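Chains as they are written, first to last, in my numbering: chain Y, 8 to 200; chain H, 3 to 354.
Calculated from the structure, these hints are not laboratory results. Since the structure is predicted, the reported quantities are computational estimates derived from the model, not experimental observations. The beta-carbon is built from N, C-alpha and C at its ideal position, and this holds for glycine as well. It is possible that part of the hints are untrue.
[Stated by the list, open to error] Okay, the calculated beta carbon distance ranges per label pair:
| # | chain 1 | residue 1 | chain 2 | residue 2 | range |
| --- | --- | --- | --- | --- | --- |
| 1 | H | L66 | Y | A143 | 41 to 51 Å |
| 2 | Y | K181 | H | S33 | 29 to 39 Å |
| 3 | H | A34 | Y | S176 | 20 to 30 Å |
| 4 | Y | T149 | H | P64 | 39 to 49 Å |
| 5 | Y | S165 | H | R208 | 28 to 38 Å |
| 6 | Y | S176 | H | R208 | 22 to 32 Å |
| 7 | H | A34 | Y | V182 | 14 to 24 Å |
| 8 | Y | V182 | H | R208 | 52 to 62 Å |
| 9 | Y | G43 | H | A34 | 49 to 59 Å |
Each chain, written out:
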Amino acid sequence: MIRGRLVLVAATAPVTLPSDPTAETDALLVALVASGDRVALGALYDRYAIVLLGVAYRLLMSSADAEDVVHDVFVGLPEAFRKYQERGALASWLKRVTVRVVLSRLRRAEVRATIALDASVGAPPRDHDAAIDLDAAVASLTPSLRAVLVLKEVEGYSHAEIAEMVGISVAASKVRLHRALRALRAMLEDLER
Amino acid sequence: MIWFVKRDRALETFAEAIRQELAALRTPPPSAELRDRILADRATGARVILPAERTLRRPMAPYLLAAVLVVAAVLALPFYRQTKDDARDAEPTSPLSYLGGGGVARAQEPPPIEWRLPAALPARAERVHAGTLEYLRSWSDSSGRVVRRATSVLTVSAETAATIPAWRVVEIGRDSVAGGTTAETLLVAQRDLRLLARAVHVRPYRKWNGINIQQRLTGDSVNGRMTLDDVQGMRRIARRLPPAYAPYVADLFSPIYLAAVPLDRQWTGRVMVLGWAVVPKDVFYPVELRVTGEQLLTVPAGRFDCWTLSIRYPGGVLESWIRKSDGIALRVVERRRNGDERVVTLVREAGL
Numbered sequence: 008m009i010r011g012r013l014v015l016v017a018a019t020a021p022v023t024l025p026s027d028p029t030a031e032t033d034a035l036l037v038a039l040v041a042s043g044d045r046v047a048l049g050a051l052y053d054r055y056a057i058v059l060l061g062v063a064y065r066l067l068m069s070s071a072d073a074e075d076v077v078h079d080v081f082v083g084l085p086e087a088f089r090k091y092q093e094r095g096a097l098a099s100w101l102k103r104v105t106v107r108v109v110l111s112r113l114r115r116a117e118v119r120a121t122i123a124l125d126a127s128v129g130a131p132p133r134d135h136d137a138a139i140d141l142d143a144a145v146a147s148l149t150p151s152l153r154a155v156l157v158l159k160e161v162e163g164y165s166h167a168e169i170a171e172m173v174g175i176s177v178a179a180s181k182v183r184l185h186r187a188l189r190a191l192r193a194m195l196e197d198l199e200r
Numbered sequence: 003m004i005w006f007v008k009r010d011r012a013l014e015t016f017a018e019a020i021r022q023e024l025a026a027l028r029t030p031p032p033s034a035e036l037r038d039r040i041l042a043d044r045a046t047g048a049r050v051i052l053p054a055e056r057t058l059r060r061p062m063a064p065y066l067l068a069a070v071l072v073v074a075a076v077l078a079l080p081f082y083r084q085t086k087d088d089a090r091d092a093e094p095t096s097p098l099s100y101l102g103g104g105g106v107a108r109a110q111e112p113p114p115i116e117w118r119l120p121a122a123l124p125a126r127a128e129r130v131h132a133g134t135l136e137y138l139r140s141w142s143d144s145s146g147r148v149v150r151r152a153t154s155v156l157t158v159s160a161e162t163a164a165t166i167p168a169w170r171v172v173e174i175g176r177d178s179v180a181g182g183t184t185a186e187t188l189l190v191a192q193r194d195l196r197l198l199a200r201a202v203h204v205r206p207y208r209k210w211n212g213i214n215i216q217q218r219l220t221g222d223s224v225n226g227r228m229t230l231d232d233v234q235g236m237r238r239i240a241r242r243l244p245p246a247y248a249p250y251v252a253d254l255f256s257p258i259y260l261a262a263v264p265l266d267r268q269w270t271g272r273v274m275v276l277g278w279a280v281v282p283k284d285v286f287y288p289v290e291l292r293v294t295g296e297q298l299l300t301v302p303a304g305r306f307d308c309w310t311l312s313i314r315y316p317g318g319v320l321e322s323w324i325r326k327s328d329g330i331a332l333r334v335v336e337r338r339r340n341g342d343e344r345v346v347t348l349v350r351e352a353g354l
């Protein structure tokens, strides 16, 4: 069914896709991007870049690095979609891919050692001071601790999933989370004084 | 700050408190420049190979543990079986040759009232002499076909055991079908034919290469040990033999024992046959003997005037022919209800 629609839509490109991310439109986008449709890739960026940037940024705590990651993800999507097997939501799959790209970069130690408190990023938080403190504290964590913290507490992955993605054991994932939380708490307490 | 007011709580509570703050961290908005850069790079042929998504590995520990348990169970099975067999075979019972078919026990129980015949005491122990008896055992089915044969050579020689004049009674038995060998040695006091010691070697014994029984009778007790040829360890033998049930006779000695007992047409008596005594049910067997008549019997060793005896043991009844002249057993016949028959016949003798 999707394949039939794909032919028709591809033949009449450029197309305007609805902005609401539904499974049906996601499937259509995937098919189009896999066929090399740049418009569809742009539409996919409009739909999911914000989510993927958030993931990448929280893991890397650097806007530039996060953008590099998202850039690489989207540039690589057409080829990746050709092997994509639809299992669950596309957003989840994209986030996992992004996480893998981030972790791959972290392993290659290509990340610039910066604590990014870019003035340009994001809208003001509810509690600006608190966010600054937490931002600095998370950024000061080692990448290995921060990765587990973000993946578990923000992205909601299980320790088994984290262990698989990071390449560590489940126990190591739990240990890293514990250490990250302890370090974070200690730093926040210091900042409070 | 949310997390700070809860700083005294456990770490899990802290994590819960900061979860929303973490999710609300500022993140860079997707820029149009990045979008254009991506599309431009794609247009120029830029390619990135994204890391392939691997299937989440299932936790291997439970499977490994299960595999280890299965392997351990498989490896332990022979030992388990051996242990089971040990438990079963550690209950060996003495096979009776002359005074019953074996396998039936009266575990140190007082014999029933009707078995309480006068003790067959060896009043004429001096009639026992050194010599050799050779018996043929044969088992035949209900059609009369001999299905198994075994020979036993029983030798009696004089010996002194700890200053006590004794008879050494040795039996070597060979089974033509099973291919097994049985060697049993008794030391019997010459004066009253009291059993002093016994050693039994049976090879093979059930699934084992062999079993060894050593007994020493002292006072009212039998002590000793049992060992299996291919299993380490031993089982102690320590049983009481109530004096009221005496005399205790080894089955092996029974073809000779009645030489010391004066028989007549009305004679009845009983003995206790000593088992291997490894397990409680095999300590002693009450055996009742009754003279039932007289008969001329021809055996390979010759033609002799005999007493016929009925021998009743817990597992059945035997018929025995005892030579009048010296009290030596010439033939023992046991007929089973199914028609099978076991016959022990004296085929050769010397001395006695």
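Provide an ascending list of the numbers of those earlier hints which the structure does not satisfy. Structure breaks hints 3, 4, 5, 6, 7 and 9.
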